[in-house]
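A.B. asks: Based on the provided sequences and hints, a complete structural model is requested.
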Amino acid sequence: MTDELETLYRARLPEFRRVASAIAGDRELGCDAVQEAFAAAVRKRRSYRGDGTLEAWVWRIVVNAARDARRRNATPVPAVPATNGHAPVLPLDLLTERQREIVFLHYYADLDYAAIAGALAISTGTVGATLNAARRTLREALQEVET
Amino acid sequence: MNESQLLDELVAPFDSEPGDWADVLRRAQRRRPRRRLALAAVAFVAALATATAVAVPLLRSAGPKLPSAADRRNVFVVVQPRTGRVLIEAAPWKGHSGICYLFLGRSAGCTLRGERKTMILRTAGYVLPSGRHSSALWGYTFDPRVASAKVYYSDNSHRRVPLHRLGGRLQVTFIGPVLISSRGTGRVLVYDRAGRLIKRD
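In order, the protein sequence lines correspond to chains A and B.
According to the working numbering, the first sequence is numbered sequentially starting from 1.
According to the working numbering, the second sequence is numbered sequentially starting from 1001.
These are calculated hints, taken from the structure and not from any lab test.
As the structure is a computational prediction, the values presented were derived from the model and not from experiment.
Yeah, the Cβ is synthetic: ideal placement off N, Cα and C, and Gly gets one too.
Where hints are given, some of them may not hold.
[Stated by the list, open to error] Chain A regions said to be covered by chain B (calculated; three or more residues, Cβ under 8 Å):
| hint | region |
| --- | --- |
| 1 | 7-14 |
| 2 | 19-26 |
| 3 | 96-108 |
| 4 | 122-131 |
C.D. replies: Below, the structure is given as structure tokens:
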């Protein structure tokens, strides 16, 4: 089992790091989260019962570790919306946490719906609907109207 | 910019490298300390300004900060000369063509640059030295044509709005602030050097 984890680590390290960095909000935090996640996977390898793929099981641990890293290093919420609704925001801040994570897993790790569903413990239908909604929001946000 | 470009700018790809599996194994053997539950008590202090000439936010101790996406090696500040109060903090937005800002210690965010982009915003929650509540009209523009701005109040009076030009890597002009409680609603109009209207709030 440890050998399989090492194989997965070496094969997909750039993708794990990229997704974790996006969730954690920082490259160093993301890389550290990946190390911690794999360490946790090694420690609790006996709890993997074969429900779903090993990679999906590890992705779940990586996502949780990145979330923890972000929470531990959270900065104050930056934006106070103006009353006229014109407060500029980062497009990704328009997404919910789940939408962002699904976008990151899909784009950075090239995971399909089933793999994302396994990583986040949700249904493939939810993955599809959430990803579509997220992409629609990003498209609209990126079409800025020049004054 | 499209979705792919946005995501590529957010997190650049990592190089293919073997990583440090030995470090993973070392961490796996370390006992993790049990997390304690910590109770955090937060106290909010409402500050009413008496000595400064500029309205201050209602809540001072938990206000926003310049976003973490700002390039803190290149922070510009605009200071009110009479009081020394920092009105605006601004810095380039890391990895983007744009800026991050903190306005009057209250409104913070990041925005993409646009050649003719001018935004006028309204932020509530200020208290004047008199104790009256107020809103602030303020904004920013990347439009190099902008030369002046005025605020027009509901009683048809008007006055000039200060502009603060930041050059270097920012190339942005901040507009205001002006307070609008004492004369009802206000509207900001922005003009070029010839006095032609460029943007109205």
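A.B. asks: Hints first: check each against the structure and report whether it holds.
C.D. replies: Tested hints:
Against chain B, the region 7-14 of chain A contributes 4 residues with a C-beta closer than 8 Å to a partner C-beta. That satisfies the three-residue criterion, and the hint holds. With 3 residues having a Cβ less than 8 Å from any Cβ of chain B, the region 19-26 of chain A passes the three-residue criterion, so the hint holds. With a cut-off of 8 Å between beta carbons, the region 96-108 of chain A has 4 residues touching chain B; three or more are needed, and the interface restraint holds. Here the region 122-131 of chain A counts 0 residues with a CB under 8 Å from a CB of chain B, which misses the bar of 3, and the coverage is violated.
Checked against the numbered hints given earlier, the structure breaks only hint 4 and satisfies all the rest.
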